[in-house]
Amino acid sequence: MIVRLLLPIALTAILAAGAARPEVAGDAKAGAALYGQCKGCHEIGKGAGDRIGPHLNGLFGRRAASHEGYAYSASMQRAGVDGLIWDFDTLDAYLENPRALVSKTRTSYRGMKDAQDRADLLAYLRSFSADPANIPEAAPTARGTDHTVDPTILAIQGDPEYGEYLSSECVSCHQADGSAEGIPSITRWPEEDFVVAMHAYKDKLRPHPVMQMMAGRLSNEEIAALAAYFKDID
Amino acid sequence: MTLNRRDFIAVGAATAASLSAPAVLADGHGKPRVVVIGGGSGGATAARYIAKDSKGAIDVTLVEPSRAYFTCYFSNLYIAGLTELDDISHTYGTLAAKYGINVVHDWAVDVDRASRTVSLAGGSVLPYDKLILSPGIDFVEGAVPGWSVAAQNKMPHAYKAGSQSELLKAQIMAMPQGGRFAMVAPPDPFRCPPGPYERISMVAHVLKQTNPTAKILLVDPKETFSKQALFEEGWERHYSGMIERVGPDFGATNVTVDPEAMTVDIDGSVEAVDVCNVIPAQKAGRIADVAGVTDGNWAPVNAADMSSKADPDVHVLGDAAQQGDMPKSGFAANSQAKVCAMAVRGALTDSKVFPAKFTNTCWSLIAPDDGVKVGATYEATAEKIAKVDGFVSQTGEDAATRKATYEESVGWYAGITADMFN
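Quick mapping for you: the protein sequence lines, in order, are chains A and B.
In this text, residue positions in the first sequence follow the working numbering: the first is 439, and each later residue adds one.
In this text, residue positions in the second sequence follow the working numbering: the first is 135, and each later residue adds one.
Chain B with its partners taken away, still in its complex shape:
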């Protein structure tokens, strides 16, 4: 057996750890263990980078209930008929086969931080030295009175992609001619800030083709929203007269729905609709709460390594984390995961740790070949992930620029999903 320098350091670190801190090697296990809960943009990236870069020195287990993962990004394009569900579906086979990640398709139901174990619904108990939580979002109960998860088949959220996206698309296709689509948009902060507005654009696109006299009602509790000028310019250009937005000044902060009657009550004014897409207020995925690392709806983290402010051996990534200036996006989760993976490797194997850097870009599609983007770079300060520099597409850009932006987003999709799953 030949040892390269990295292996040698890893072995040395493990030996030193066994002398000074036996807890790191609980149960006589030979390698430090990392458990990752959640196989999305944050979790899959973190598991992949730790396993890939530690070259077998760290035992990585990824807990994810779904065998097929559907990205939320590009799921609006599926609703528009611009991509297939298969094209946004990914599996975990390569992570297991190529990097030796132990992929467990089960629900994590409990975290015992004192004994450093995770319990699964199937009964297994997984010990860890470092735990990474990347559970995404859950919905705040009672956020939209009348709506609950039990009503999600009548009024889909489609804000976790897959069967919900299929359902919403089927309902849109079944709308009567001249019918009415409504969306109840969420308050800040929420997953994918431009997401609801890209969805409005994509619904308008599909209705323009199949149901051109249909109307779209957007009920939005926020004064302003991401890329607003770009979306509003695009709506006027592509879908003039189709989309009505009701903001907080017209009662959109006081909204109830009735899934049986298919009505939306906006501050006392009852509107009958044919399809109602309810995107409620959001909070960190449930396991973050169970683990006791949340403060309010989200889990506060240290920017330098994405470790929980409640426990240095627990890291929280992506939408669930309260980190500062980054939006809740798949790109952001992927970026945070790499910083976290480097810190976790450094802690467990003495590999080099470089300063944290974060990046985000969010592309949105307004109409086919009319793409826009917003992005920024960030660095870690003592308090938070702080924005350093940014850019946003401009109104009035020419068609070639918008087409190139869309093509860039397609390239990005291939890039980030390869960075997570290949």
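So here's chain A without its partners, still in its complex pose:
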């Protein structure tokens, strides 16, 4: 029944958005099969409880790390405080690459690359949110947006000397020695993780307003330069 509801909503979204983004309607039945990849850690449905990961009932519309009784990672807690709300866009990005959204998440899943698979899985997950009918139509049920950072961007070789200059803006807050008191450490990250995380701020998938602003004015080359510089900092 859920699946039948999806189509008109998705169509409305396409019309409203002027078809600017490809929309993919999810198929909850297909999603149920894909959920097999998740169930080793996450229970869902009637009687589900927390296991290695929290149960996933009522996930939609919830703030990250807000399900009581489960001990979330510090990274996930910070994301929740920053304002990360699980909706279609954020879950889609998280499923595609969990670390793009939450750097040190304990979700060990590597990511689901296919947009249709993600839409299917999300349609399935959504059917276990307490009152899916109350989710506003403005937040559509499926979307095929590609959150992956373009391989050509990831391939940019950063200039560490430029990165060193740019880094002076970062170290007003993030300590150069890697201390992480109140503000996370940004040193010695794998370059790709750094680039992916900065683009998630730039695209406003990650919620922190200071970082959205800082990343928002950095070019692809500048992000690469920073990643190259901070990778090897002592």
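You may find that some hints are simply not true.
Think about it this way: if two alpha-carbon atoms lie no more than 25 Å apart in a straight line, the pair counts; the simulated PhoX-like pairs of lysine-lysine are [unchecked claim]:
1) B:521 / A:642
2) B:486 / A:669
3) A:484 / A:467
4) A:640 / B:521
5) B:232 / B:486
Hints were generated in silico from the structure; no laboratory data involved.
Just so you know, these numbers come straight off a predicted model, no measurement behind them.
Following the hints, position chain B against chain A.
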């Protein structure tokens, strides 16, 4: 001896300079010389970055009278009993030992821009190729009639941290039960726009603990102030009924004080108070005036490199500079110092110069674990430092967000002070 690329460029530049412009190497000195006056957020950062990044190619002297520097940021938390004075105190040992900065604890009393020298109170004369002034603020004389620097022990400003902060805190702790604390707030522009209002919050916090029937009178010549909605919401939530603000519509632009009688006269209405924190109108620290780079109260600068509009070999940083859209804050001074350091290195050693970028964020504490922030990014235009994008905390945020914001400010404090002194 092995030369890396940077050293080679530096040596090459010095050689070229000695052929074409002997003045750069006055007195046969081997290296270009930078003198920095003022060891706060602007000056300490500039000295550190020039010395660190030039790797010995530039001779850097930092002139700062105090051996211990107390940050103004977090000094309101000291007044509230939330931090110790030691925690906001910093010394210059690492700058000297690690980066070879010549730290001189003396007052700069004169600048001769024609001969490019700085005279110190102790009698020394320092030649420079580039001079960086980061003197902070002084108070405009007569700004609050009845108050002068001579009265600062009766009515502390506590707007340069250290002994003044201690004095104000001691006076607050000695207030009689049910007594009255007054603040005379400054007109724009002034150091740390949210500072007076964070202080009101912190005074209210300490009085709520020790003297809950005490009252706070805020006399403010401005119609509006930084983060006003956030502060007013917080005051109502934490300190309901304690704080009275008198704005310009009730005479706050016509205020005199009597430090002997401990009274504040607001447009003819005389109020007796137990503690009076007078924060007068401000201007650039005196040496900027002496150097002849001010126009009115502040020193106009070019946004691209923070050079004075009066002299390309003099740079002015932080509160003293008139630069455009950035607030006068420690964060802003630190950000400007890095742009300046890069430009000065580029001019003296041919190192790469990248486009100027500026950032600022100001955190304020309303009550323990109730932090708010405002921030923006900026770029250099031909006329000024221009705001590009910004954000501010929202009213009605939940407690977890506010606590995280406060914790972020603690992290920032560790970050910026390491960026200045470590």
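Taking the hints in turn, this is what the structure says about them:
Between residue 521 (chain B) and residue 642 (chain A) the alpha-carbon distance is near 20 Å, which keeps this suggested pair within the 25 Å criterion. For the proposed pair residue 486 (chain B) and residue 669 (chain A), the alpha carbon gap of about 21 Å is at most 25 Å, so the pair holds. Among the hinted pairs, residue 484 (chain A) with residue 467 (chain A) is consistent with the structure: their alpha-carbon atoms are about 17 Å apart, no more than 25 Å. The hinted pair formed by residue 640 (chain A) and residue 521 (chain B) meets the criterion: a straight-line CA distance of about 18 Å does not exceed 25 Å.
About 23 Å separates the Cα atoms of residue 232 (chain B) and residue 486 (chain B), which keeps this hinted pair within 25 Å; it holds.
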